[in-house]
Amino acid sequence: MMFFRSITIGQYIYRNSIIHRLDPRVKIFVVILIITSVFLINSWIGFFLIGLYLFTNIYLSKVHPKYVLKGIRPLIFIIAFTLLIHFFTTPGEVIYHIWILNITREGIQRGLFIAVRLFYLILSTSWLTLTTSPIALTDGIERILSFLKIIRIPAHEIAMMMTIALRFIPTLMEETEKIIKAQMARGADFESGNIVKRIQNFLPIIIPLFVSAFHRADELSIAMEARCYRGGEGRTHYRQLLITKVDYIFMIVTLLILILSYL
Amino acid sequence: MIKFNNVTHFYNTGQNHKITSLSGINMEIQEGDFVAIIGANGSGKSTLAKHINGFLLPGSGDVYVDGFNTKDIESIWNIRKKVGMVFQNPDNQLIATTVEDDIAFGLENIGIEEEEMKRRVDWALNIAELNVLRTSEPHLLSGGQKQRVVIAGALAMHTTYLVLDEPTSMLDPKGRKNILEIIKTLNEEKGITIIYITQFMSEAAQFKKIFVMDKGKIVLTGSPKSVFSQADLLMNLGLEVPQITQLARKLAENGLEIPSNIITEEEMVEYLCLYI
Amino acid sequence: MPFETEALKNINLEIDKGEFVGIIGHTGCGKTTLLQLLNGLLKPTKGQILIDNIDIHQDKRKLREVRKKIGLSFQYPEAQFFEETISKEIAFGPNNMGVTGKELDERIQKSLKMVDMDYHCYKDRSPFTLSGGEMRRLAIASILAIEPEVVVLDEPTASLDPQSCSKILSVIVNLHQKYSKTIIMVSHNMEIMAELAKRIIVMEKGKVIMDDTPRNIFQYSIEKLENIGLSLPPVTYTMYKLKKIGKPISSGILTVEEAKDEILKLARSIKRK
Chain A
0 MMFFRSITIG QYIYRNSIIH RLDPRVKIFV VILIITSVFL INSWIGFFLI
50 GLYLFTNIYL SKVHPKYVLK GIRPLIFIIA FTLLIHFFTT PGEVIYHIWI
100 LNITREGIQR GLFIAVRLFY LILSTSWLTL TTSPIALTDG IERILSFLKI
150 IRIPAHEIAM MMTIALRFIP TLMEETEKII KAQMARGADF ESGNIVKRIQ
200 NFLPIIIPLF VSAFHRADEL SIAMEARCYR GGEGRTHYRQ LLITKVDYIF
250 MIVTLLILIL SYL
Chain B
0 MIKFNNVTHF YNTGQNHKIT SLSGINMEIQ EGDFVAIIGA NGSGKSTLAK
50 HINGFLLPGS GDVYVDGFNT KDIESIWNIR KKVGMVFQNP DNQLIATTVE
100 DDIAFGLENI GIEEEEMKRR VDWALNIAEL NVLRTSEPHL LSGGQKQRVV
150 IAGALAMHTT YLVLDEPTSM LDPKGRKNIL EIIKTLNEEK GITIIYITQF
200 MSEAAQFKKI FVMDKGKIVL TGSPKSVFSQ ADLLMNLGLE VPQITQLARK
250 LAENGLEIPS NIITEEEMVE YLCLYI
Chain C
0 MPFETEALKN INLEIDKGEF VGIIGHTGCG KTTLLQLLNG LLKPTKGQIL
50 IDNIDIHQDK RKLREVRKKI GLSFQYPEAQ FFEETISKEI AFGPNNMGVT
100 GKELDERIQK SLKMVDMDYH CYKDRSPFTL SGGEMRRLAI ASILAIEPEV
150 VVLDEPTASL DPQSCSKILS VIVNLHQKYS KTIIMVSHNM EIMAELAKRI
200 IVMEKGKVIM DDTPRNIFQY SIEKLENIGL SLPPVTYTMY KLKKIGKPIS
250 SGILTVEEAK DEILKLARSI KRK
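Residue numbers (numbering that gives the first Met the number 0), protein chains in the order written: chain A, 0 to 262; chain B, 0 to 275; chain C, 0 to 272.
Take these hints with a grain of salt, some might be off.
27 Å max Cα-Cα, derived DSS-like pairs, lysine-lysine [unchecked claim]:
1) Lys177(A) to Lys61(C)
2) Lys243(C) to Lys249(B)
3) Lys173(B) to Lys166(C)
4) Lys8(C) to Lys243(C)
5) Lys206(C) to Lys180(A)
6) Lys249(B) to Lys270(C)
Covered stretches of chain C, as calculated for chain A (at least 3 residues, CB under 8 Å) [to be verified]:
7) 33-40
8) 58-72
9) 78-84
10) 137-147
If you're looking for bench data, these hints aren't it; they were derived computationally from the structure.
Note that the coordinates shown come from a computational prediction; the quantities given were computed from them, not determined experimentally.
Backbone N, C-alpha and C define an ideal beta-carbon position, used for all residues, glycine too.
Using the sequences and the accompanying hints, generate a full structural model.
Structure, rendered in structure tokens:
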């Protein structure tokens with residue numbers, strides 16, 4: 000049985016770098032821009048430019064590339080699979096023939112494009128989560144969404160939910176481990192049996208966990224109210240977000256590169 | 000000043016069935032006081048605590064905090080600023096993902112400006128001796144440290160009154176001692192009024208004034224000395240009497256002239272030196 | 000694992016059938032790790048754990064046998080409840096061990112009786128409606144239903160009110176005396192340890208630093224205890240102080256009753272002179 004020994008939320012790695020100091024809103028915005036443009040671009044030069052840009056960002060963040068690549072490993076299968084699917088299913092000029100399958104020139108091009116797109120997608124989001132602390136990320140999302148308050152997007156509530164989730168996930172993980180052990184001490188077996196049996200086996204873990212989570216929620220809401228919490232209205236922020244000159248320069252450079260790669 | 004004016008409180012359990020949890024409470028706590036409220040399970044002490052910050056409202060009677068009535072909706076946030084609360088389970092009171100962010104939580108809620116907020120967080124971190132843990136995540140702290148964060152969060156609000164509802168019952172002896180030391184300093188050096196709810200006489204003995212509760216009523220009030228002289232009553236209420244007080248009573252029963260309200264080891268040693 | 004630390008170092012312990020062992024030490028001294036090693040929830044990195052001369056990790060299938068022999072009740076054990084009724088809750092353990100039918104029913108009745116709860120009054124109630132003290136006793140009953148020879152309790156009185164606390168303690172004493180279970184108990188409360196345990200193990204930083212009768216520990220090792228910041232029961236401390244200032248008193252006093260007798264004896268003998 001695997002137990003959650005050490006728990007780290009997100010994959011934030013602290014370094015003292017320009018990238019880490021960037022405003023989280025800028026980084027979120029940039030990632031959204033990259034993702035959209037990656038799906039618009041249709042040329043190898045464009046992809047090359049964006050790749051160069053992404054790796055420069057990772058280099059500037061001082062985070063070792065192995066952490067970035069770690070995020071890609073679990074998705075390699077999916078990338079490879081889409082690659083193959085495109086190889087074989089795209090109609091066009093046949094350049095290779097195996098059994099009943101035809102590989103086309105267009106298929107190779109398309110498959111590689113999609114693979115590179117997925118690769119960049121993961122690369123840019125990993126870059127964001129590796130260099131932005133969960134708190135900053137939450138703050139950034141709250142501020143970005145607050146522009147959407149007019150269309151009734153509950154920005155503050157979403158951010159508060161993220162904060163509480165971040166705060167309580169480790170606590171609940173620890174609790175789960177404790178409950179598993181307590182039930183094992185009563186002879187529970189979580190390792191053998193068929194699927195039905197295994198699902199049944201999870202009730203003695205899930206139910207106590209729910210009971211405790213509700214209990215916690217109850218007490219937490221009392222504690223929050225005792226500390227004058229009454230929703231997002233009139234709240235100030237401990238962490239101030241400040242867009243500096245560096246942020247502007249970063250944005251402009253990003254935009255230029257994206258436009259260049261599209262041309 | 001916190002004032003309870005003939006406060007009664009019922010819990011509705013449906014179908015015209017009411018359970019009285021507080022009945023006819025009259026109580027005054029002055030600014031700068033250092034008081035303990037003791038009582039067995041279900042004596043109403045936690046209900047009383049929740050009346051102080053208007054979390055529960057009296058069925059009849061009134062609760063005033065610095066002249067504000069808790070029933071007055073307009074002043075409720077004012078009252079909650081003045082009255083800081085610390086509850087039993089340290090895990091379920093911390094909201095943010097780092098210590099400093101949690102201390103700032105209350106300040107964000109009441110709209111304190113950025114500069115002032117930074118100052119207050121620093122100040123509270125200092126008093127609660129949490130400087131080194133400033134950026135720590137709550138789930139990595141010990142129980143005692145978590146309770147200190149909660150206390151710091153209340154301090155940052157510049158509370159006048161700090162109500163602690165069995166804050167040490169889930170802590171180990173070290174954490175327990177530490178929390179009691181901190182609130183003592185807060186009272187002595189910062190003049191913060193402490194209202195400490197506990198089931199343990201050994202803890203209550205360290206306060207200047209004790210209210211004893213039973214079945215929703217205050218049955219005894221006074222200094223620890225005068226309260227402990229009624230050890231029989233306390234035992235009947237299901238409260239634990241400190242070992243030293245038990246010993247003193249037993250010795251007195253056996254003809255030694257020893258006051259039955261001795262609380263500390265030092266006092267006991269002093270008295271015993273007269274006889275042996 | 001990034002945060003791997005040595006929780007226990009070179010522990011050698013032997014516990015006999017029928018003992019009442021108290022384990023004390025600060026949070027993080029390795030007590031909980033030790034308890035989990037005892038019934039095979041954790042595996043020692045080095046060394047062996049033998050129960051009745053058999054290495055518990057020798058055979059994976061044997062682990063269940065071990066858990067049958069050693070009932071472990073965690074801190075705040077009421078957090079494990081999940082059934083609708085008290086009798087179902089107790090049945091969980093024996094059910095996992097393959098006990099069914101009439102025997103199961105008997106076990107439920109028996110374990111409730113052992114924790115002093117009335118079977119007919121409680122069996123159909125929900126575990127979640129119980130008071131804190133009753134929950135704690137039910138949790139112990141659910142362990143007892145697997146009929147362990149050894150009952151291991153981690154802080155059984157944590158955050159209970161004084162009355163429930165003394166109730167639990169009398170249940171534990173009963174388990175030891177009347178039902179002749181071997182008891183291994185962790186507690187921060189020195190007064191409880193001094194009064195109940197027949198042998199005390201003091202742990203510090205993953206090591207066993209004392210292992211003796213309470214009387215010997217509270218007589219000869221007081222300074223050592225104070226050095227690692229463990230407090231003494233107040234009466235023990237008082238008597239120790241008296242002795243330190245030169246009074247002819249025997250130290251190693253464990254209970255209020257003993258202290259009273261000792262003081263009265265001394266006071267009378269002085270009066271006579």
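Structure-based check of each hint:
no. : hint                   : result
1   : Lys177(A) to Lys61(C)  : holds (22 Å)
2   : Lys243(C) to Lys249(B) : holds (23 Å)
3   : Lys173(B) to Lys166(C) : holds (25 Å)
4   : Lys8(C) to Lys243(C)   : violated (35 Å)
5   : Lys206(C) to Lys180(A) : holds (24 Å)
6   : Lys249(B) to Lys270(C) : holds (19 Å)
7   : 33-40                  : holds (count 3)
8   : 58-72                  : holds (count 6)
9   : 78-84                  : holds (count 4)
10  : 137-147                : holds (count 3)
Checked against the numbered hints given earlier, this structure breaks only hint 4.
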